[in-house]
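Here the protein sequences line up with chains E and U, keeping their order. Per this note's numbering, residue 1 is the first one in the first sequence, and the count goes up by one each step. Per this note's numbering, residue 1001 is the first one in the second sequence, and the count goes up by one each step.
Calculated from the structure, these hints are not laboratory results. Any given hint could turn out to be false.
[As the list claims (entries may be wrong)] Subject to a maximum C-alpha distance of 25 Å in a straight line, what follows is the list of computed SDA-like cross-link-like pairs (lysine to any residue):
#1 K162/E <-> R1009/U
#2 K1013/U <-> H163/E
#3 K162/E <-> E1118/U
#4 K1353/U <-> T1078/U
#5 K1013/U <-> N166/E
#6 K1013/U <-> R95/E
#7 K63/E <-> V1544/U
#8 K1361/U <-> E1118/U
#9 K1013/U <-> R231/E
#10 K162/E <-> V1544/U
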Amino acid sequence: MSEPLLLAEDLHRSYQMGRFELHVLRGCQLRLAAGEFIAIMGKSGSGKSTLLHILGALDVPQKGQVLFGGAPVFAPSQRRRLRTGLTDVFSAAERRRIQFRAHAFGFVFQFYHLLPELNVLENVLLTRMVGTPTWSWRTVRAAARRDALEVVTRVGLAERLKHRPNELSGGERQRVAIARALVHKPRILFADEPTGNLDAEAGRTIMELVAELHREGQTIVLVTHDPGIARYADRVLLLEEGRLRPAPPS
Amino acid sequence: MYKLFLTLRYLRKRRIAYFAIAAVMLCVAMVLIVLSVMGGWLEMVKKQARGLLGDVIVDNRAYPGFPLYQEFIDAISTWPEIVKATPVIYTYGLFHFGQTEQSGMVRVVGVRLHDVYEVNAFKPSLFYERYYPGTTHLGEQGQPLGGWVPVIEGGHDSNTVILLPRLPSPYQDALEQARRQHAEHARQTGGDPLLRASDEVETPLSKALHEHDQPPIPGYYASNNDGDEPKITEDLRPGLILGRDIVAKRESDGRYDRYYPRGTLVDVTLLNTSIRARVDPVPILQRFRYVDDSRTGIYDIDSQHVYCDFDLLQKLLEMGPAARADGSGVAPARCSQIQIKVKGGLDGAALRKLTERLREKYLSFLDDPRFSLDLTDRKLISRIEAVTWQQSQAHIIAPVEKEKILVTILFGIISLVAVALILCILYMIVLQKTRDIGIVKALGGSSGGVALIFVIYGAAVGITGSILGTVFGTLVVKYINEIQDFLISINPRWRVWDLQVYSFDRIPSEVDPWDALFVVLAAIAASTIGSLAAAWRAGTMQPVEAIRHE
C-alpha cells in the first residue's frame, strides 16, 4: 500500500460539559491518499467537525497523532494541553501547526466566514498575505494577486471582485470561501458542511465545483450529514461512537 | 503584511475607533495646552526673576550690610565679564499717604537709579519713565500740576480757541518727545502711531482730552487749582518709586486704576538699626514724593517694595562712613547687597564659577593692609556670598516649577481615562471580531501575528490621536489669547486668565517642541499599553473556539 498523504491514528477528544466529560472521538483512525475525495457523515453532535478540525490542525487531540506526508502535525506536549498559554503562543509546536494551516491545508466552512470589511478579491488575497512573511510580501504581491484573480475567475466571480460579502448571495459567498481556500494551492481541502447553509440549487453548484476540483487532482475531506452530497465523494465514512467506519452502501 | 492591512482596514471601517482617536486627541491637546501655558508661565517668571536683581548678587544676609562695597565694585569693574555693578540698601519701613490714610509695611530699597537701569530690568518696569523719559529721578522735586492752556481748534485759520489740559515743563516736553519717537517707530514697524497707555484706567484729564480729539496724557496728574497755568510746586521732596500694587488697583482686564496723582506726598517711617543689629528706639521719618510706580510682575515685590535714593537711605540709616566709638578710626560705609550685570551668554556653570571668584575677591579684602577693619566689619565680610540669579530667586521660580510638574502629573493621570477607553474599545472590537480572529488563524495566522494586529491598532490610534491632538493643542495655545478675547466679547465674566490674579497680561502661548514630543510619545505608549489586554485575548484565542463563536 502506498504512503498515505494524511494518516490519523487513535485520535481522542473530549469536552468538559459542566461536571460531565463528553467523549467525542474515541480512537478514531483515517487513511487519506493523495487525490482522494472522502466524505465523513454522521449525526449531529457525533464529532464530524471536531475530527475535521483536528485533521486540519485547527484543534488539538488529547491523544493520538495526525501524520501529514509522514510528518507529525502535533507535538506531544500540545496534545496534553488544550488551552493556549504564554509559552504555547510562541512555541515551536504552535509554529509547526500554523505552517500546516498556512501552506498545506485549505478550509471551507458552513457559514462561509468571510471578513465583512474586505471585498471578494481581498478576502481571497488574505490567505496569501497570511502565509507570506512581511519582508517578502513585496516580491510576491503581483503573483499573489494574479493567483487570486485566477481562482476568483475559476469560481465564476470575476465580475464581483470589488463586492463585499454582504452584497453577495449565499452561494456566491461560499464560492468566495472556496476560492480563498484554494488560492495557496493546498494539498488538502477541508470542507465542513459547505452546502449546509445553501438552497438546493446553490448547493448543487457548489458541489459540482468541488467535484471538478477533485477531478483535477485536489485531495478533499468533506463533512456532511446529507447523503446526496456525500455521493460526490470517492469514499464515504460514517462517524459513530467516536470511530470511523465505512458507510453502508445507500 | 496582513497585520498592517487588517489594522488599517479596521481603523477605517470600525467607527468606534474614531471615539478612541478623539479621546487620545483631546488628552494630548489638554496636556499640551497645560504644559505650554505652565511652561510659558515658568519661562516668564524666570525672565522676570532674572530682571529683578541682575545676573549675580553679592550679599551677606545680615541686616547691617557689609563694608568696602565701593572698593569691591571698583576692583571688579576691570574684569572682562562684568558689565556693571551697583550697591543696594534694604531696610523696612511704614509708608503713609496722608491724602487717604493708606499705610502699610514695605521693604525700602535704596538704589542708584541710573546704575540700576544698567544692571537689571528695573527701568522697563517703571510707568512714568516710559511715557515721560528722563523725568523719573529720586532727587528732590516738586509736584507737577496740570493746567489749562488756550489752543486754536481746527488749525490757525480757525477763530475757535479752547482750553486744553497741559503738563508743566519738562513733563510735557518729555511726553511730546516720547510721542515723536513712538510715531517714528510705528512708521517703521507699522504699529499704532499714537502713544497711549493701554494698561491704565481713563482719568478726568484724559477724558477731557479725548472729547476734543486730543491724544491722552498717560498717568494721573493733579490739576493746578491756583490758576490756569501748569506748574511744579515749590515744596521739594526726594522722589520715591512705589510698587504698582501699592498705588494702583489692578482691574480684571489688566488695566490699572491709580489712587494718587504723580508727585503726591508720602511719608515713610524707617526702622533704624546699629551695626550690631540693635533697633534704634527713635524711628526715622522721611517725607517723599511719589514719582513713579514699578511693576515687575511678581506680586510680592510690587505690593511690598518702595525705592529711594541710595545715598539718602544710607545717610538716614547711618550706614555711611563714620568715626568709630572707640576712636580706632573711621568705619567704612556699608550697603546690603551688590547687584552685578555680566556679559551676555554667561550662564550655568560659567556663572557659578564667576560667583566663586567674586566671593574669593571679597574675602581677599580681609587680608588687604589698605583697609582698617574692626572685628564686626571682618565678621560681616566673612559672611559674604555671591549667588547667581537662579539661586537668589529660587523661592520665586521653584514653586512655579513644582506647580508645572504637579499640574502635568494631574492631567496625565486624567489622561489615563483615554487609556482605559482604548482598552475598552479594543476589547470590544476583539469580542466583535472573535470569528474573524478564528478565520485568520485558520488561514495560518500566528497567535503573535493576531495579537500584533491589535497592538498596531492601539499604536495607530495613539499616533493618529496624538498627531491630531498636537495640531489642535498647538492651535489652541497659539490663539489662546484670541480665544479668551472672543469669550470676553460674548460675556466679560468668561475671562479665564484673570489679570487681578495673574501678574502677566497675556496667557503664555508658546509650545515647546520637546514638550510636544514628550506628550506624543507618552500618548502612543499609553495607547499601545491600552491595547495589550485585547491583543492578549486575541492572541491566545483558539481558532476552533473563535470560529464557533456566536
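For each hint, the structure was consulted:
Simply put, K162/E and R1009/U have alpha-carbon atoms about 15 Å apart, close enough for the 25 Å limit, and the pair holds. Taking the CA atoms of K1013/U and H163/E, the gap is near 15 Å; set against the 25 Å cutoff, the hint holds. Restraint check for K162/E and E1118/U: the C-alpha separation of about 77 Å exceeds 25 Å, so the hint is violated. Using a Cα cut-off of 25 Å, the hinted pair K1353/U and T1078/U holds, with the two alpha carbons roughly 17 Å apart.
Of the supplied pair hints, the one linking K1013/U and N166/E holds, its CA atoms being roughly 14 Å apart against a limit of 25 Å. With a C-alpha separation of about 30 Å, the suggested pairing of K1013/U with R95/E is violated against the 25 Å cut-off. Restraint check for K63/E and V1544/U: the C-alpha separation of about 18 Å stays at or below 25 Å, so the hint holds. Between the alpha carbons of K1361/U and E1118/U the distance comes to roughly 23 Å, so the proposed pair stays at or under 25 Å and holds.
Under the criterion of a C-alpha separation no larger than 25 Å, the hint pairing K1013/U with R231/E is inconsistent with the structure, at around 42 Å. For the suggested pair K162/E and V1544/U, the alpha carbons sit about 29 Å apart, so the restraint of at most 25 Å is broken.
Hints 3, 6, 9 and 10 from the list above are not met by this structure, while the remaining hints are.
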